[in-house]
Amino acid sequence: MDELEVAILCLYGNEHSNINKNDAQKYCENFQNSADCWKYCMSKFLESNKLEVKFFCIHVIVEKISTLKIEDMILIKNSLYGYIEKKYVNANEDSCVLNKIIQLYLYLIEFLYPHNMNDAFKYLINLIMLNNDINIKTIHINFFLKLMNMFDSEYIDNVCSNKSIQTTTNIKEAIKENDLPIIIECFYYIMNMNIPESTSLSIFTLSKYVPWIDINYVVNDKILTYIYQTLNTTNSITEASYSFLTSLIRKGMNSANKIQFIENINIICILQNTPKITDLTFDVNKNIMTKRGELINYICLELVESIFEINKLKDYQMNMLKYNEICTKAADMLFLVLPHALDIFSVNDFYIASTVEKFFSLFFTKFKNVIDVGSCANSIMKSSSNDYESSKNNISNNINSSINSNINNNNANSGYKISIDKLNVFINTLICTIVNKFEYPECIPDDYDEEEEDDDEFSTFFNFRENIEKLYQRLILFDKLKAIEIIKNAIIYLNENYDNLKWNNIESKLYAFYVTTSIYCEYKQGSTNTSNNLNNNMITNNQNKNNIIMNNSLEHFKNIKEANEVNIDYNNLLFDCLIELLKNRKILNSTNYHININLMEIFQRLNLFFIKNPNYIEYALHIFLTNGIRSNNNKIAKKSVHIFKKFLKTNSSVISNYIKDILQLLESYLDVPYIYPKMDINNNILNNNNMILDDNTIKYIYTFLYSNKNYNHEYQIDIYEIIGLLLLNYDFNKFKKLSKTDSGMSIQSNNNLSNNLNLNNNDNSININNNNNNNTINSSNNNSNDGLNQNISEEMIANYKDRIFFFKGILNKLLENLSAVKNLYLNSTKTQHDNICASFISSVIIKCIGALCKNVNINITDILLNDLDNTLGIIISESLELFYNNYIVRDSVLFTYRILSNLFKDLSLNYTVKILPYFYNISYNMIMNKLQKSSVDNQNANTFNMITPTSYQSVDGTTNNPMKTSNTHHEELKYLYNELNELSILVCHLISTHKEKSFDTFVNPYIYNITQIHMNIWKFINVQSLEMQREQNAVLSPLLLILYNISVNIPATIHSFMSFEHIALNHKQFCDIFSNDDIIKSKIADAITSILLISLNYKNTSDINICLYSAQTLSNMLNNATCMTNPSEVLSKYPIMQIIDTLCVTLKSLDYADPKTKRIMQEVMNIFRLFCGFKVSANCLPNKIIESSQICLQNSLLSVFKNNPNDIAILIQAINANNQQQFRQILSNIVA
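Using full-length UniProt numbering, read the sequence shown as starting at 1 and increasing by one per residue.
FYI, nobody ran anything at the bench for these hints, they're computed from the structure. Glycine is no exception: its CB is placed at the ideal position from the N, C-alpha and C atoms. Heads up, a few of these hints could be off.
What the hints assert, rightly or not - Straight-line C-alpha distance at most 30 Å; calculated BS3-like pairs for lysine-lysine:
| hint | residue 1 | residue 2 |
| --- | --- | --- |
| 1 | K208 | K314 |
| 2 | K649 | K822 |
| 3 | K1083 | K1068 |
| 4 | K314 | K368 |
| 5 | K251 | K358 |
| 6 | K322 | K312 |
| 7 | K646 | K822 |
To be verified - Using C-beta positions, here's what the derived DEER-type ranges look like:
| hint | residue 1 | residue 2 | range |
| --- | --- | --- | --- |
| 8 | N149 | E263 | 27 to 35 Å |
| 9 | I215 | M150 | 18 to 26 Å |
| 10 | N497 | L336 | 31 to 39 Å |
Build the full structure now, drawing on both the sequences and the hints.
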């Protein structure tokens, strides 16, 4: 045993443990670096019996072979030939060594074949053919098949191969010219040996070669006869044969030839006569059915795609008869194979069913143009249920006219079409099958949580379910009536067999019903009246003008009316299905998560059902409250809260009689955790001074605070939003309008409904009894609409007062809790633990206040104005001033502020003046504090104070609060930058809402302070990495957004922020010119102008959004300048030369391949057009400005693009087609 062998065995084996592995590795590496190491490795490989030695030697040869001479490669080839023939059959090589041997063989083929290794394939085939020993023959067969498989994966397969296209092409062409016939013959020889493993592998391998070899080699009587015979068995050979046939079907050829090919190989007849497999308990049967499904899928796809492609041929019109005959042949074959596709899809295994789902989906999406939907009018099948007849007749009558008018459009010009009449049975069967395919497999438990589980089988099923849901939605559009009928029959079956059905059977039918409700359309009665009024006005105004327009409009409005009537009929049929479902009392008491969620989604989707049928509202409340919100299952409680919020917005009028009962049920969820016991607990995590408020820490803190509750803080906030929706979202005026327009609507309160529901009335169930007969609202044919509205008004006045009373009580309770937290903290030891507990509970209370007010209807809150107006001040004084260092609290305050300012637009100015300067002060001083602590130079920046409420005294960036002593500031800096962005959005909302009014009250007093804040932070950040570049841009972006909104909403004032006495064009110049706060303050207009020009230069920021904001702002400013007639006034206010130079530099630096740059180019074109005399709103810049700007633009373009004149042509190509003509005109204007 030599030194190399010892080193190899030490490094890769368990021998020679006394030798250091590092020394062994170093020895092996030094050996590999020698030039002739391959010779020693070849001889050592031939003589050694050690697995580790063989593997190492072959590995070294493989690594070295590309550097060897042809003569050396031939020596290796001869040695390998001798080894395979004499030693390989007895060596019993490990699979890793065998793979390395095959890899070496393939490298030899790559470098030597065919000139220096023309027997590469013949040699192996001779070993197979000439050897009489079946065992030795089998060994050589396996080697040959592994070699051919690896050759495909390493050289042919586009996904796996890493070889160059030229290398692959050369080898394939050489094989075709020299050895392909004998290779195919060898494959056939191995097939006929009927050794299951070898035969199946041979067929699988041959199928991989079908795409690039001549089809005649494999499509002949000899091979096809054998393949077809194997389809009658059930083993691995059958599975391989289906794969082979799939490869044949997918073979590339033109559409007409593909149809003829499918007919010639008689594949459909073979499928029809192949015995069906029903027992799927064996894996081999499942595998065969999967491969059979793939074959059927591609047969259908190829036939339909061929028709689709023929319709697109340029000579289709000239040879229509010939092509239609071919397409008819394809359609006939398709109808023969569709039943087999449905058989596969109906198999109770979603892996098998998914094989044909691809065809079904593409047939009704990508290839839907080959279906003659013009015959849909005749496709509506009659229902066996008499309940459907009148609605169906109405729908048919309404849609026949519109369909008939469009049938003529489906003429020969649109190509060959498959009549939907022939597809009716197929579509209906497919719809019925899909309803059952929604069913969860039995392997998935009923308490499965998709968010928590990570299982490949589960994820595969959910992908399949998502795909068939999309397919189902497309199918029901072909025949909505049939889809509704199928669903109703499924619901009847569910009700009749409910006790014998498993949860997944029930859930699948409910889910299918929910998907079917996508047909539902909320009908708006007023649209027809509005249309008629508009039509009358048009007739009056244009009586003597154009009668054609009048007739077209009348027809348009008639179509709208007919469409609305059709939607109402569909809705009524869906309502009938829901009524049928609600006959089943047992389903209402189900505890299954999926069943309850589906019921809730159905109730929410069919949102007008309970208004038209209020006697069913208690069913919905029971599901939402008892089974959902109050459930012990946190998953269903969380989901039901979100669905119930949407449900409430539509059904407030019907639920109004149950408000007190619902509030009583939700009362236990309104209690905020009492933090005093928590503050007494010594929690090491919360007392850690180096704690970082990342997502995991925040989650832990909330869990700690809510440990004694059966809900979390997010759930509690959602409950408060529901309370707000329940009390003050309801618009009484809208309800009165709805009741006036809908004469058929019946609204009533049934006092004894809960006695008839047979629900379980326990502590967790809803038990609602309304004994107040004065609150009953009846709508009948004997009462007029005036009488109805009078009754509604009388009830709603009393109801409205109760709502206000409840709302004020809940709001005051929250504010009392906020005050109690403050007092508790002030009387505590004020440790970090105390601070965190108090601040986080305060954040929850503040968000609960925002959630409570989020959906308040502004029309009914006049008497609440003072209460809500004072709320923000209380939040600031009771919480924000105390816990401002915790960004969780600041985020909560901003959340509630946005809600209150949106509610009361007239008061939002007052709110803004109160809170935005306050927040800017906090954010700025905290950012600078963090930047200083993380700065290498430890620079000191002056603290900054805007005009703030007198109560704000302590924000100087030097607080001793423990939360500010963290050594890591990056996470908090990220949030603080986001907070600046949030504040800018609020400022922009204020500006866009109040426009000129906002200028005097907020913009003029504070814009310079806001600008100074952003510039100080931006100046402080030294960009040393891409991450730092993003942070710097994150500071600039909010400021530019504010300036842009001023230019849009208050355009007459934007020039007051412009000055170009001192201009900086990059970050370094800006820091030099505006070196301290006093200079920025005294030259703030120059600083703003500099920021706009720096941002306009894409090279400075590499940020498309910032560049776009700046370009749009300058474009708006220059548009406003067209109203100025005095050239000197324009020149004194706008830095035209600098704008032009910067725009040209940006054009040069943009990545034209990025589609986002199109918007910047659009703005650049708008500015260039102004400089070249184009008009904006009938105005243009003064002539003197145009003349000077054109000269400047010409010089700038020549200067920027002088190094490569072709760049102008590239630029023109990059500019979108709509602007190319304008840009050429601009260039011509400049030259002129």
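Hint check results:
no., hint, result
1, K208 x K314, "violated, 34 Å"
2, K649 x K822, "violated, 35 Å"
3, K1083 x K1068, "holds, 17 Å"
4, K314 x K368, "holds, 20 Å"
5, K251 x K358, "holds, 18 Å"
6, K322 x K312, "holds, 14 Å"
7, K646 x K822, "violated, 35 Å"
8, N149 x E263: 27 to 35 Å, "holds, 32 Å"
9, I215 x M150: 18 to 26 Å, "holds, 24 Å"
10, N497 x L336: 31 to 39 Å, "holds, 35 Å"
Of the hints listed earlier, those the structure fails to meet are numbers 1, 2, 7, in rising order.
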